[in-house]
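Trainee: From first to last, the protein sequence lines are chains A and B. Everything in the first sequence is counted per the numbering used here, starting at 1 for the first residue and increasing by one. Everything in the second sequence is counted per the numbering used here, starting at 1 for the first residue and increasing by one.
What the hints contain is simulated information worked out from the structure, not anything from laboratory work. No experiment lies behind these values; they were computed from the predicted model shown. It is possible that some hints are incorrect.
As the list claims (entries may be wrong) - Taking lysine to any residue and the SDA-like style, the derived pairs with C-alpha atoms no more than 25 Å apart in a straight line are:
no., chain 1, residue 1, chain 2, residue 2
1, B, 152, B, 109
2, A, 205, A, 217
3, A, 152, B, 126
4, B, 151, A, 68
5, B, 174, A, 177
6, A, 152, B, 53
7, B, 41, A, 66
Listed below, chain by chain, are the residues.
2 protein chains.
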Amino acid sequence: MNYSAMSPKEVRKLIKEQKITGQTSGMCAGYAQANLCILPKELAFDFLLFCTRNPRPCPVLEVGDAGSRIIKEMADNADAATDFPKYRIWKNGVLTKEVNDISDIWQSDFVYFLIGCSFSFEAELIEAGIPVRHIEESRNVPMFNTNIPLKKAGIFGGNMVVSMRPIPYDLVVKTVNVTAAMPRVHGAPIHIGNPKLIGINDISKPDYGDAVTVKDGEIPVFWPCGVTPQNAVMNAKPPIAITHSPGHMFITDIKNSSLKY
Amino acid sequence: MNYSAMSPKEVRKLIKEQKITGQTSGMCAGYAQANLCILPKELAFDFLLFCTRNPRPCPVLEVGDAGSRIIKEMADNADAATDFPKYRIWKNGVLTKEVNDISDIWQSDFVYFLIGCSFSFEAELIEAGIPVRHIEESRNVPMFNTNIPLKKAGIFGGNMVVSMRPIPYDLVVKTVNVTAAMPRVHGAPIHIGNPKLIGINDISKPDYGDAVTVKDGEIPVFWPCGVTPQNAVMNAKPPIAITHSPGHMFITDIKNSSLKY
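Isolated chain A (complex conformation):
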């Protein structure tokens, strides 16, 4: 099946029916994909406040009403409990299970958060003629813990996680401009050039994802990363939290290009 050319609605149907249970990378070309975090309402204000205070790593695309599974804005009537290929269930900060459907454990006080994903701006970078190394090398993007403190909200805090893409010097300004136009999917870089300044000692050893080649004439460019809010949730060790499994995203009905201003 050519999932790349299919519509988000068609692919979401296959996901709901569990005919697709794998990663969504490359599916429904041109459409934005989203990260998931589900928390009980008791923690939802602090988590929304955490995202509001840290919009660069935690750009909120949509938040459900308490108890509601319905996704209205990012898709036409999708279901937060069935329309991700794989979910992770966390209890007190410990991963307890991976499942393909959370209908049976949905609680009336659950609030879902859809958070923007850098997949969206990578499509725009490629469109603009800017190389995206981990895609060229068929790897996951390299991600790093940093010393950049986040603003706390309730039990949520910690440091920012960033993703890194090596960019040729003569394309750095264009890279900043292309990504700055898309603040709902992390926006402009948070740092350019000196990994040590943000607490990264070795860019060949990412904390998450895979290392990629940095060629002569390229400079490492760092963006706020969607792993940040997930990390903050895990570190806070709430009694229950649900996230998507890495790479197993929600495919929205929204074109990447319409996430620009």
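Please build the complex by placing chain B on the supplied structure of chain A, with the hints as guidance.
Mentor: Same frame as chain A, now just chain B:
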């Protein structure tokens, strides 16, 4: 006293001491001013969600932790309970009192919301050579109820309130660009040209504020207005809510120019 040339810190001190209890318009030239809404934590998630879903009329500048009066981001250690010249106390949607200090009625579950104000972009319009009619005519900006529906969150909903400024045809594009660069203070216009299309029958009869002259060669331009969130709170009739009195704003330490991207 020339309050226009004074620093925000100095003016806030006079406000805290109740030596200033009047409107803040024109004070501390160049610095952003902010709207206030205070709600009990029980309603804070829904209100923050309402703002998140309606960022154009409800641009959140800062939200306090539950129970905290301290303003950290928009000012250096200011106090949400004393640093506005005048507060309005609402019970079940009814205005019950206006006071200059709310220290004595502050509750441990209160959450304050500071919301962006179009004062900030008006300074930028004038700087760009664009006339701002109500300032020229020393009136309050004309504001209107519209038929533009807001996205609901819990008990909060209703239609958008807009402000109107007549703009010469040849400056409309510049006006859009100048204000679009400041999304944290309402950003670009929401409508240009035909008041009837957004449910306004007579632009000489504003629902709030004062009418202003629309000259030949000018077109009415409408922006999302900060009265919107206050209206939503009043219409929801919460047991208790506190807002600033109209025009009696919080003066931040943030320059209008730094609210741009």
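Trainee: Evaluate each hint against the coordinates.
Mentor: Hint by hint, here is what the structure shows:
Between residue 152 (chain B) and residue 109 (chain B) the CA atoms are separated by roughly 23 Å; this keeps the pair inside 25 Å, and the hint holds. At roughly 20 Å between alpha-carbon atoms, residue 205 (chain A) and residue 217 (chain A) fall within 25 Å of each other, so this suggested pair holds. The hinted pair formed by residue 152 (chain A) and residue 126 (chain B) fails the criterion: a straight-line CA distance of about 37 Å is larger than 25 Å. Under the criterion of a C-alpha separation no larger than 25 Å, the hint pairing residue 151 (chain B) with residue 68 (chain A) is consistent with the structure, at around 15 Å.
Distance hint between residue 174 (chain B) and residue 177 (chain A) is fulfilled; the C-alpha atoms sit about 21 Å from each other, no more than 25 Å. Pair hint residue 152 (chain A) plus residue 53 (chain B) holds up; C-alpha atoms about 22 Å apart against a cutoff of 25 Å. Between residue 41 (chain B) and residue 66 (chain A) the alpha-carbon distance is near 15 Å, which keeps this suggested pair within the 25 Å criterion.
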